[in-house]
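Visitor: Please build the complete structure, drawing on both the sequences and the hints.
Protein chains in written order, with UniProt numbering: chain V, 1 to 539; chain U, 1 to 539.
You may find that some hints are simply not true.
[Stated by the list, open to error] Using 20 Å as the maximum straight-line C-alpha spacing, the simulated EDC-like pairs for lysine to aspartate or glutamate come out as follows:
id: 1; chain 1: U; residue 1: 236; chain 2: V; residue 2: 39
id: 2; chain 1: V; residue 1: 236; chain 2: U; residue 2: 39
id: 3; chain 1: V; residue 1: 433; chain 2: V; residue 2: 39
id: 4; chain 1: V; residue 1: 375; chain 2: V; residue 2: 166
id: 5; chain 1: U; residue 1: 66; chain 2: U; residue 2: 328
Worth flagging that the hints you see were computed from the coordinates, not collected in a lab.
Listed below are the residues making up each chain.
There are 2 protein chains.
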Amino acid sequence: MVQTLSSMANAILDQPTVIAVTVFVALLCACIVIGHLVEENRWANESIAALLLGLASGAVVLLVRKGQSSQVLVFNEDLFFIYLLPPIIFNAGFQVKKKRFFKNFSVILLFGIFGTIISFCLITLGAFLLFKKIGITSLTMKDCLAIGAILSATDSVCTLQVLSQEQTPFLYSAVFGEGVVNDATSIVLFNAVQSIDISDIDGLTALKLLGNFLYLFFTSTILGIAVGLLSAFGIKTLYFGRHSTDREVAIMMLLAYLSYMVAELLSLSGILTIFFCGIVMSHYTWHNVTESSRVTTKHAFATLSFIAETFIFIYVGMDALDITKWKESNASAGTSIIVSLALFALVLVGRAAFVYPISCILNCTKQGSEEIEIKKQFIIWWAGLIRGAVTIALAYNQFSSSGTKSANVDSMMITCIIIVVLFSTVVFGSVTKPLIQAVLLNNANPLTSRENDFVSLEDLRLLSLENGGPVDNGSNQSAPRRSKLQLFIRHPTSTVHHLWRKFDDKFMRPVFGGRGFVPFVPGSPRSTAGETSDLNNSN
Amino acid sequence: MVQTLSSMANAILDQPTVIAVTVFVALLCACIVIGHLVEENRWANESIAALLLGLASGAVVLLVRKGQSSQVLVFNEDLFFIYLLPPIIFNAGFQVKKKRFFKNFSVILLFGIFGTIISFCLITLGAFLLFKKIGITSLTMKDCLAIGAILSATDSVCTLQVLSQEQTPFLYSAVFGEGVVNDATSIVLFNAVQSIDISDIDGLTALKLLGNFLYLFFTSTILGIAVGLLSAFGIKTLYFGRHSTDREVAIMMLLAYLSYMVAELLSLSGILTIFFCGIVMSHYTWHNVTESSRVTTKHAFATLSFIAETFIFIYVGMDALDITKWKESNASAGTSIIVSLALFALVLVGRAAFVYPISCILNCTKQGSEEIEIKKQFIIWWAGLIRGAVTIALAYNQFSSSGTKSANVDSMMITCIIIVVLFSTVVFGSVTKPLIQAVLLNNANPLTSRENDFVSLEDLRLLSLENGGPVDNGSNQSAPRRSKLQLFIRHPTSTVHHLWRKFDDKFMRPVFGGRGFVPFVPGSPRSTAGETSDLNNSN
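Guide: This is the structure in structure tokens:
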């Protein structure tokens, strides 16, 4: 009977697709179970489990197919950028602690934009010089520029897993926020490198690039905010929940995704767009939907993001044994290792070259308690060394399509970049968590940074009192009178935040809804704390 | 600046894919808004809105491209069967009223298996005779058999939208349950037709087919139940909720999907498998997860299913203007209309030929109150006339790959089948709801069937008393003493249900969890009613 059945085998479906999907879904299930079991282990996490599981299954496939191919699914940039990345970045925006994020906005922008550019320049220069020394001559200047952009793209997905938003709030928002801006910057740089005419570089090129970047940054952000506000306004006005919870959830999900796709269509940075769309949605839209939609969106978005993350790591792991590339590469193990080491050294130096200087500059402008200590600088440097799927996607894009150059150097570059990604993810991904605990948490109490928060909150309360008199709060009676200007100089971000809150309450919330502007449902997962985002507290 | 930007246009992503995804997501958003606005209109619904919107955008694309192609996304069976169908069928199983479903199980099996076979035979025969009369001679006997299988596949997606589980519970479970079994039957028939050697048909062939079907039916069902139980046991044992709600939701989603993919891989019926997996998951697994996972899964699965449904209708609508097929078809409008009418007439007759006889047979074996009145028979006949995406997918499979026959007849068959699908979905989809209200609800109170339920529940309570004595319930003191055998003869389904409940409580629930075997969380969306599934009541 089974014979007869398989003879009338799936006439309808494409068998390789079915096999690939089945393998991936099964691996995802395995990763989730493993991730659950190693939850309390501080060395392991889901990403590494997924990566190793992907590698292992790649090896098994390789054995089964007798060394022909390890790939069940060929790495596809569309799959990654269109389907896997958006849910991850959207969820990051949706669940980020907004107040903390905007408080560190200047830090994030400096690291994300100037840091990436410095790293890009250094890695390009280093690659150019080093490859000549090693004896690889077929790489053009353009290839080196591309390598600079490729290796400047940090992996924010793994960072999310190794840093804790609760334990190290400043580091989390700085490193993760940098990662989001870095994504945009490195993709802009990569696209610019692709389109640039090397023979015709002048002073204007750099200016043009900067202009492009600023255009991209602002239009992407505005698009994301606009779609977020549209969703808030639409859901508040039409009141979908009257008929169906499902429509609310569906429209939130689809509009967020639409913002990403429209941004990509307009050649903007979809990552920036969907990130800001997520922030706006959590601030307004989320409060306008029914209670069950709130619970559903919070967990469903997190789940989708979680599945996409795990999928990416399995994918990267399985794709690392891309045997055709390894064969084509034709390089000895020695050369591969030397090149990989050289690339990784460039990554280390490139990152150090901006983290420490920028931190110093920031420290000069800041008060004692808020400055970035040398230990934190080290962690910022360290946590941003992980390279991930964006790097691999860009590497494939650069080194697999070109037909003019020698194929074996291209293949070698891809395999070496894969080695860098695997090494950084496994080693840095597993060491970072214990390292942070050893370096930071034992010595400096993480609450100190929180206390700073409360101090500035206190200042804010002072600021909001029209007469500026002392608060009738026993513990703070000795608080000195401070002028508004003085406060602004001392706590510029807090003042901006205060002004924003006033503007928000007066103009935005009445139109777009948000907490306090929709009927309160008892038992909802809202916190009563003063955080702007209550998504985080009720986790 | 924009010029410069578009010149460094998306170096990374495939532009057509981005456009296609953007268009579809935008159309989905529009459909949701329209569906919300026409919610109270009993003639319109989301499916029809999606279909018409798809048609309209197809026309726009056709105009923009100056008549070259209306397709933003070419109809792809993989997309449909691998990504869109599973969430719909899983959710149907997850949210179905289980007691009602199993009560009507014999009806569902009779309609779904024998009905589909009768319809298949009649349509095949009719197509063979009619096409000869019309003058289309290039269709082989094999093509006619395929047409029989293709047009016997009812569309359960639209049925879900036009029938209400609350208002007409019997009709909903009968027609929808039939649809699920029908899907399996017609795909088995279609695959069988593909692999059969026409020149070598004997009496054994039919027997073989039946054997195949039974094998498929049981293995698929068992696989679904096994995966469902595995998820319940795994979640109960490992207690994922301890660390993360997201893992619970993810593992439920992935395991359900895995059951579908494994079934497809083994050439079983994925639809049957995932349907039963959904039923088992709602009975056991759903009760083993945390409170927020319960809310999330309930709404997230419904949302995914809802998005997939809407997507399919947009897809079918947009694909209807497949201009290359229309051009290739080369048939006059007259011929197309005649063939479409002939096909549709066959659908009408084919369905009538099994609904009425089977209903009569069923009525002979049933009590007066439970029999299928002529009005209900009419609705069952009517609601099952809708043809949908499965039909189109099978038609493309049959008539677009073959190279030996004349291409224009193949194309004509595809266009005619598309006409049948569009016509049946728009007309029957919009008329069915008002029709049911006119025919059924005005005359017969839908609650009569519910009262029957309570009567048999009463009987059950009698049955469960060891001494068989009367219940000390004031309203039922006059209930006559009935022997167990008498009860079994009068209410065989209820008795089976009772025995199942006993077995469930004694052996299954202690192992696999389920309601009452996990700590009760106050404020959970559980009902206190006696329904087996509380998913439905808390809707």
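Visitor: It remains to establish, for every hint, whether it holds in the given structure.
Guide: Structure-based check of each hint:
1. Restraint check for residue 236 of chain U and residue 39 of chain V: satisfied, since their Cα atoms lie roughly 17 Å apart, inside the 20 Å limit.
2. Taking the CA atoms of residue 236 of chain V and residue 39 of chain U, the gap is about 17 Å. The hint holds against a cut of 20 Å.
3. Among the hinted pairs, residue 433 of chain V with residue 39 of chain V is consistent with the structure: their alpha-carbon atoms are about 12 Å apart, no more than 20 Å.
4. Between residue 375 of chain V and residue 166 of chain V the alpha-carbon distance is near 18 Å, which keeps this suggested pair within the 20 Å criterion.
5. For a cut-off of 20 Å, the pair hint linking residue 66 of chain U to residue 328 of chain U stands: about 17 Å separates their Cα positions.
Comparing the model with each numbered hint stated earlier shows that all of them hold.
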